[in-house]
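Participant: These are the residues of each chain, in order.
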Amino acid sequence: MIRLRVNGEEQAFDIDPQTPLLWALREQLRLTGTKFGCGIGQCGACTVHVNGVAMRSCMTPIAAVQGQQVTTIEGLAPNPDELHPLQQAWIEAQVPQCGYCQSGQLMSAASLLASNAKPSDAEINAAMAGNLCRCGMYGRIKKAIKNVAGVGYFDPAQGEV
Amino acid sequence: MLPALAILIQRKGRSKVGKWTRRAFVTAGVVAGGGLFVGVAVRTGHRTPELASLVADDDEILVNAWVKLDQDNVATVIVPHSEMGQGAQTALAQMLADEMDADWDLVQVQEAPATSEYANYALARGAVLGNADIPKILVPTIDGLMLQVTKALGLQITGGSLSIRTTGHYGMRVAGAAAREMLIEAAAAKWQVPAQEIETQASHLIHASSQRRAPYAEFASVAGQMMPPASPQLKDNSQFKIIGHDVQRFDIPSKVDGSAQFAMDVQVPGMVYATVRRSPVFGGEIAQLDDRAAKAVNGVIDVVTIPAAKKEDMFSGKQNIGEAVAVVAQGYWPAKQGLDALTVQWKNIGGEEADSDSIFAQFDRDLSARFERENDRLQGDVNLALERAERVVEAEYRVPYLAHACMEPINATAKVENGQCELWIGCQNPLGFRDSVAEALGFDPENVTVYNHFMGGGFGRKSNPDYAIQAALIAAMVERPVQLIWSREEDIRQDFYRPAVRSRFRAAIDAQGDVLSWENTYVDKHEPAEAPLIPYAVGAQDIGYVASPTHIPFGAWRSVDHTQHGFFTESFVDELAAAKGVDAYAFRAQLLQDKPRHLAVLNKAAKEAGWDRPLAQGRGRGIALQESFGTLVAEVVEVTVTAGEVKVDRIVAAVDPGFAVSPDGLKAQIESGIIYGLSAAMFGEISIEAGAVAQSNFHDYQILRMTDAPVIETHIITSGGPAGGAGEPGTPAVAPALANAVFNATGTRVRQLPLKNYDLKFRIEESDEVV
Chain A
1 MIRLRVNGEE QAFDIDPQTP LLWALREQLR LTGTKFGCGI GQCGACTVHV NGVAMRSCMT
61 PIAAVQGQQV TTIEGLAPNP DELHPLQQAW IEAQVPQCGY CQSGQLMSAA SLLASNAKPS
121 DAEINAAMAG NLCRCGMYGR IKKAIKNVAG VGYFDPAQGE V
Chain B
1001 MLPALAILIQ RKGRSKVGKW TRRAFVTAGV VAGGGLFVGV AVRTGHRTPE LASLVADDDE
1061 ILVNAWVKLD QDNVATVIVP HSEMGQGAQT ALAQMLADEM DADWDLVQVQ EAPATSEYAN
1121 YALARGAVLG NADIPKILVP TIDGLMLQVT KALGLQITGG SLSIRTTGHY GMRVAGAAAR
1181 EMLIEAAAAK WQVPAQEIET QASHLIHASS QRRAPYAEFA SVAGQMMPPA SPQLKDNSQF
1241 KIIGHDVQRF DIPSKVDGSA QFAMDVQVPG MVYATVRRSP VFGGEIAQLD DRAAKAVNGV
1301 IDVVTIPAAK KEDMFSGKQN IGEAVAVVAQ GYWPAKQGLD ALTVQWKNIG GEEADSDSIF
1361 AQFDRDLSAR FERENDRLQG DVNLALERAE RVVEAEYRVP YLAHACMEPI NATAKVENGQ
1421 CELWIGCQNP LGFRDSVAEA LGFDPENVTV YNHFMGGGFG RKSNPDYAIQ AALIAAMVER
1481 PVQLIWSREE DIRQDFYRPA VRSRFRAAID AQGDVLSWEN TYVDKHEPAE APLIPYAVGA
1541 QDIGYVASPT HIPFGAWRSV DHTQHGFFTE SFVDELAAAK GVDAYAFRAQ LLQDKPRHLA
1601 VLNKAAKEAG WDRPLAQGRG RGIALQESFG TLVAEVVEVT VTAGEVKVDR IVAAVDPGFA
1661 VSPDGLKAQI ESGIIYGLSA AMFGEISIEA GAVAQSNFHD YQILRMTDAP VIETHIITSG
1721 GPAGGAGEPG TPAVAPALAN AVFNATGTRV RQLPLKNYDL KFRIEESDEV V
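These protein sequence lines are chains A and B, in that order.
Letter 17 of the first sequence, counting from 1, is numbered 17 in the numbering used here, and no numbers are missing.
For the numbering used here, count along the second sequence from 1 and bump the result up by 1000.
You may find that some hints are simply not true.
Taking lysine-lysine pairs in the DSBU-like style, the calculated list, with each CA pair at most 30 Å apart, reads [as the list claims (entries may be wrong)]:
| # | chain 1 | residue 1 | chain 2 | residue 2 |
| --- | --- | --- | --- | --- |
| 1 | B | LYS1604 | B | LYS1647 |
| 2 | B | LYS1295 | B | LYS1347 |
| 3 | A | LYS146 | B | LYS1295 |
| 4 | A | LYS146 | A | LYS118 |
| 5 | B | LYS1190 | B | LYS1241 |
| 6 | A | LYS143 | B | LYS1756 |
| 7 | A | LYS118 | A | LYS143 |
| 8 | B | LYS1580 | B | LYS1756 |
| 9 | A | LYS118 | B | LYS1525 |
| 10 | B | LYS1580 | B | LYS1647 |
| 11 | B | LYS1525 | B | LYS1235 |
| 12 | B | LYS1235 | B | LYS1595 |
| 13 | B | LYS1310 | B | LYS1525 |
| 14 | B | LYS1580 | B | LYS1761 |
| 15 | B | LYS1241 | A | LYS143 |
| 16 | B | LYS1607 | A | LYS146 |
| 17 | A | LYS143 | B | LYS1607 |
| 18 | B | LYS1761 | B | LYS1647 |
| 19 | B | LYS1295 | B | LYS1235 |
| 20 | B | LYS1595 | B | LYS1607 |
| 21 | B | LYS1580 | A | LYS143 |
| 22 | B | LYS1190 | B | LYS1235 |
| 23 | B | LYS1347 | B | LYS1310 |
| 24 | B | LYS1190 | A | LYS143 |
Computed footprint of chain B on chain A, listed as stretches where at least three residues anywhere in the stretch have a Cβ under 8 Å from a Cβ of chain B [to be verified]:
| # | stretch |
| --- | --- |
| 25 | 36-42 |
| 26 | 77-88 |
FYI, nobody ran anything at the bench for these hints, they're computed from the structure.
Even for Gly, the Cβ is constructed at its ideal location relative to N, Cα and C.
Chain B extracted, bound-state conformation (with noise of 0.2 Å):
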């Protein structure tokens, strides 16, 4: 999603900000480098009175936007995340106590209110940087423009893999150095030492020579007096003594007991609880209602609309949502039980038609028609190589619609009183879903208060504020607090999916069986751009896309386009090696020799894994690579198949993510989103008939189960290159090892997922179009 952002910056740019475009921005860091701008997150004119009432108690100091200290020395570090599992802030903390040189023992978290002032400046640098390669001498410092930038994009998001390598390197890191310094030269100046004379241990100052000692604490009101250095040192990673380590996660103890608290645990004085039911026809309105079943159930106290919507953003584009029926009762079963007796009858807007068939035959028309194709990427001469080639080799893969079916259900709470909203929420993106539900309330976004909660998983779905303006609607409407509760079957059926995609590749091999050209074609293109890019060195490459819209509403789904384009790419480059005749290890890794950082990943996991060990009968593995959101990854998975049953053994993950700030949390990250992608290739599919979507719950959307799940073993490289995410890169690489094993295993070459769907009790000999 990260450069959907860039994106949104430079239009933003054009209109909001004049002369401000993607290159200005880079252009200020580095002609600020002599004299650099003093850093937002630690800049005076962040420390606000307004901002220091929204983060500290009347006895504590506010040092700088990142980090509170309060009179027992504690340091609250105040994370502009949402935790969803990823553990994101505790590693956020991590960042700037090491920096602080904080005692880890007196470091708490609390995430950042949604105000202005917490918009995710840091995550907006790294968008418009490109992230990669950042310049050395712009790390330590914030350009101090950023922060009304990003203001006035409502940027608080949690998604794109990105808080670490953003909000952490250029936001944490540099406000603990800053703190640490600021209290240093507090204490210099009472002591009358030099500053360099000072050391700091364990939130201590520390003057050796006179054997002064204090806690950080004692220094805190004068250090928030104090001008901010404009360039705070950063540690060498080998000075890392909490960076790089393992430490629990602030958010674990909560989740053991039951108290950890969810949106939807959240009891608000006279609050009633709603459920909904959106047309099931994507974008259709009511036609009729029939309320009076639903009203004479028991607890029920009122039958409510919610108007049809556009919804509109960079990412998706514009979007049907349809009218909803809410029905609002003293508590969940009831409000069910009411919906459930209502007759509605939906005037759909279009859509009704479509199927899942019929989608797919209309992107493979508009994949024949190649009307408007754009180019992802375009060198060499595909034509000259296809009339020099000893064989084509083309294939056809695709990938249904996926839904992200977190396990807490959608749900918000709401109360409209008095011109004001205050919204109970879980969700990756506070500052726009204020604004959000701001618009649609016609309130000013100063009027609508976000409270953000644990998310009982996030992956996408809890961008998109929808849920928040219902919430809020029917709030207002009933004029008391609300708790409105999707059903499971709602949370299914109202998604905004990980799209279909149908993507085609030919390639042209010479009389050795190496690769002269690369063509591939695919419907629709998001996020990230270079999503369906190979590294691998094959000469000529033409790749592009088409567009084939539909009436299914799209989002981010977990690793975005690299969830279908790994799948795509990676099972394609398999199907040249089985082409050559080699293994497909060894013929990835000679076309990756100019990619050191690939190729070591590559290694890794097939070194881990005893990729040359023989496997029995019926056994197979299947290796495949796919680098997203800056971090490399590289999967093996092994897999039985008995009787026509698949059952994966075993995953080796190799992963490099530069450096691994939490170790064990960058582990944790890569199993799920390694199971995460298991499930959607072995069962995930959701299918369309008749407009609307088919599966409704868990029975018929299978999710991996325990006895489905298998050994995984992941396996950290620390390169040193630039800092890579943690909450995706796991995920794209392992539909296609999965499916290059079940083709090691059986001969049948999985070209559409699930898996679920192959019956590979026979093998199945599929042509390999050999023109």
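This is chain A alone, in the form it adopts within the complex (with noise of 0.2 Å):
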């Protein structure tokens, strides 16, 4: 029996040890806000906080997480009547199309923001580039987090480039 915590809950898992975080969140926790994207941690829509950090649950074998603190897409909000303040920017900024990588956008994007406030421009890139977006929504997900964080948002009908 593997036992974890899962947004906050105690969890116990009766299941093969090697089996990826994803797949026993998704089918044991019925927690499926996050995707099975590529399965060897390439696009990172399966992305997961591990005591806060982001982290690819395909590649995660459950033992690994043994009697750690993981959040989902589903615990990323501080509670049921409020949204997360990348969420929120989310919405605003209409980030999202599909819609099935932005779990894995919005995880990586809030442990960026929670080891880092105010990311520059090259931070915002190498903590984003292992999230893909078939849709194509890199400047709007940019500007959902530089809007959060603070940082101005560089409009490029204004300015130069």
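Hints given; two lone chains; assemble the complex.
Facilitator: What follows is the structure, given as structure tokens:
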């Protein structure tokens, strides 16, 4: 039996310890907000927090997070009536299109801002480079992150490039 | 894809409904101009109890096929298109709500169930009429015959950038206006006042002089009994309150908190999981299967095989779908472990000797042979032009196969029990899927129920029902509900690819550098038919194609044939400008003097990009223009090339969709189309080795990441022209604009995609092959 805390609740899993955390979350706990995209840590759709740090759950054997704190997109908001500032910013900037990658994008962005409240462009790129968006909403994702960080958003229509 | 539908209707028309032809449809509408047909969306026959039971709860009245009102005065717009991020469901609701004078805060959307009643007649209508320049008299009406035709065709397709310009304009707006008029009539009768004295505002009926004001809901049931107006009055653009304004998309809140339901998120009681492997060489069969190790994996329930099949549709003709083996297990993980433990020997039916080089060599051979060459356009005398030419410029381009690589890997959940099949899926063609699954199971379509979900990307891939059939067959074999999930590797290797294409050009140029003739021959024509045509004023044109089939399955990929032809034609135009020694933008503008809409987008993109601003050493700027799906798009790409590495700094797009129903939604779609096209232009390559796809996942089929993403500016031109699409038109111009920018920066002409295969550390001098 493997035990860990998911979104603040103690959970126990009686499964193959090599099972990736992703499938335990999706199939056992029905936390389907965390997505399967590639299975090899290349796309970031499966990103969750382990002890507050972004991690690719498709590559993380559940045994490796025994006793750890896992947060999924369902647990990102501080409480059921309030969104995380990034989630709010995502709505304001109308970021998602198909939306499939967005849980992972949000978890990566939240992890970034938790450790670096005022990231530079290069730091945002570096933190988000592991998250693919096939709908190509990188500009809007970056805008939403900057809005939350309060680092201003470069409006291309106004300035030089 | 629009012309494909037109052809489909014509052909079906001949076989199924006898005398109905394309001309007959158009004529029928015009003939009916004096006493037009009652709109399908709003006719009483459409409010069948059967239909009502599908969308209306007991306390709701189905005013017409596209909207229902409940007792809280909430208007639910029933949308016959799938949502894959393009925002069409919200935009369609805007169109209906505006015409209905609904309170936007009291509007919600519901995707139409996959039943014949919701066959997308408006889409078929747009296809039949070719969409462009539909006579105004037809706009506020719907030809009642169309419903019957469309039902027969099983159209509930989301593709071809058609949702807004067909369903929106011929369905939603008409339905909204009709609903409003019926509510007014109902109130007029009750209040005993003339209908024309009643105004509508924010889902309320208002009679000012008697100071009456009532919510729509109060009259919904009475209106529901009324004969709908044959020709409801549509608003003038200046009267729009919701159309043309930015609203928040309905689907977005659920996509930021993880609650959005994609097909893979479905949990059916008793469900088990499956994953599959199909013959790596397309069309192959299983020669020998050893599943002992797979069955020994803890959690594996069964191993079954799915027979090979032939897929046939109007777009892609006959294609071989190989035999597959499926591992069924208690979870995806054990299923995947089981799949990896299988030993399969495949028996190919041909194609195993093919690789990318041999395929392009075949194209080369067939282009030279010109066997049964067909023309897209033949005008003027190209031979005479060649005789008069001072110079002849020749160039050849090629593009590779491309996978769709939707973020959500292919999946479907099926339950087959007691002669009934239920299917939970995300797809672009629910009705078509229903029919395909029914056929595969030997069921009547009525016994297959499709629950369509948000798609984690579609891009054309999810119009092919192969995965739905697999899920249904596996569920039938193991006799319990099955969620089929493809690995990313299977997703990349068993796609219906954007075809690889080779295209040759020759142009005759006079002493001034002016273009006398344009000759183009390419392999394999699909849709849309007009994709290889150029808007430029060139007197003699000979544009045509030869067939050069391969065993690689192909299908619609965002913007379909426009992706390759935009790259080919806009690269060659650029070469002709260079041959003349003039500015690439000015050269195009000069050839567009009789195309004001084209010229306007070109000018706008150049102006906003600061085309005349000098660039530093190592930087370059390129421009391209492509009309597709009724929308004109010009794009300017700026690059910096440092030590051979190309960085795309900025892309400026000018877009003329006629009228933007949702301006921010249009911008989002253009941004998305640009990144999709840029990804392909820079990195996209599916190569064939020994008959199979060499790539397997995102490490070798690279997708553009945030680090590589340029700043994108989109400028909308509201020309008032015929309504154009949004989902695809952003894609075609980006590859040629990028290639032209690289030429501008380095002098290297990029004639083959993707760009990653070029070594740009050194300037490559390519001959213009001057004759």
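Participant: Now look at each hint and say whether the structure bears it out.
Facilitator: Now for the hints, and whether the structure bears them out:
no.: 1; hint: B:LYS1604 with B:LYS1647; verdict: holds (24 Å)
no.: 2; hint: B:LYS1295 with B:LYS1347; verdict: holds (23 Å)
no.: 3; hint: A:LYS146 with B:LYS1295; verdict: violated (51 Å)
no.: 4; hint: A:LYS146 with A:LYS118; verdict: holds (8 Å)
no.: 5; hint: B:LYS1190 with B:LYS1241; verdict: holds (28 Å)
no.: 6; hint: A:LYS143 with B:LYS1756; verdict: holds (28 Å)
no.: 7; hint: A:LYS118 with A:LYS143; verdict: holds (13 Å)
no.: 8; hint: B:LYS1580 with B:LYS1756; verdict: holds (29 Å)
no.: 9; hint: A:LYS118 with B:LYS1525; verdict: violated (52 Å)
no.: 10; hint: B:LYS1580 with B:LYS1647; verdict: holds (28 Å)
no.: 11; hint: B:LYS1525 with B:LYS1235; verdict: violated (40 Å)
no.: 12; hint: B:LYS1235 with B:LYS1595; verdict: holds (29 Å)
no.: 13; hint: B:LYS1310 with B:LYS1525; verdict: holds (21 Å)
no.: 14; hint: B:LYS1580 with B:LYS1761; verdict: holds (27 Å)
no.: 15; hint: B:LYS1241 with A:LYS143; verdict: holds (28 Å)
no.: 16; hint: B:LYS1607 with A:LYS146; verdict: holds (29 Å)
no.: 17; hint: A:LYS143 with B:LYS1607; verdict: holds (25 Å)
no.: 18; hint: B:LYS1761 with B:LYS1647; verdict: holds (13 Å)
no.: 19; hint: B:LYS1295 with B:LYS1235; verdict: violated (64 Å)
no.: 20; hint: B:LYS1595 with B:LYS1607; verdict: holds (18 Å)
no.: 21; hint: B:LYS1580 with A:LYS143; verdict: violated (42 Å)
no.: 22; hint: B:LYS1190 with B:LYS1235; verdict: holds (26 Å)
no.: 23; hint: B:LYS1347 with B:LYS1310; verdict: holds (16 Å)
no.: 24; hint: B:LYS1190 with A:LYS143; verdict: violated (53 Å)
no.: 25; hint: 36-42; verdict: holds (count 6)
no.: 26; hint: 77-88; verdict: holds (count 3)
Comparing the model with each earlier hint shows violations of hints 3, 9, 11, 19, 21 and 24; every other hint is respected.
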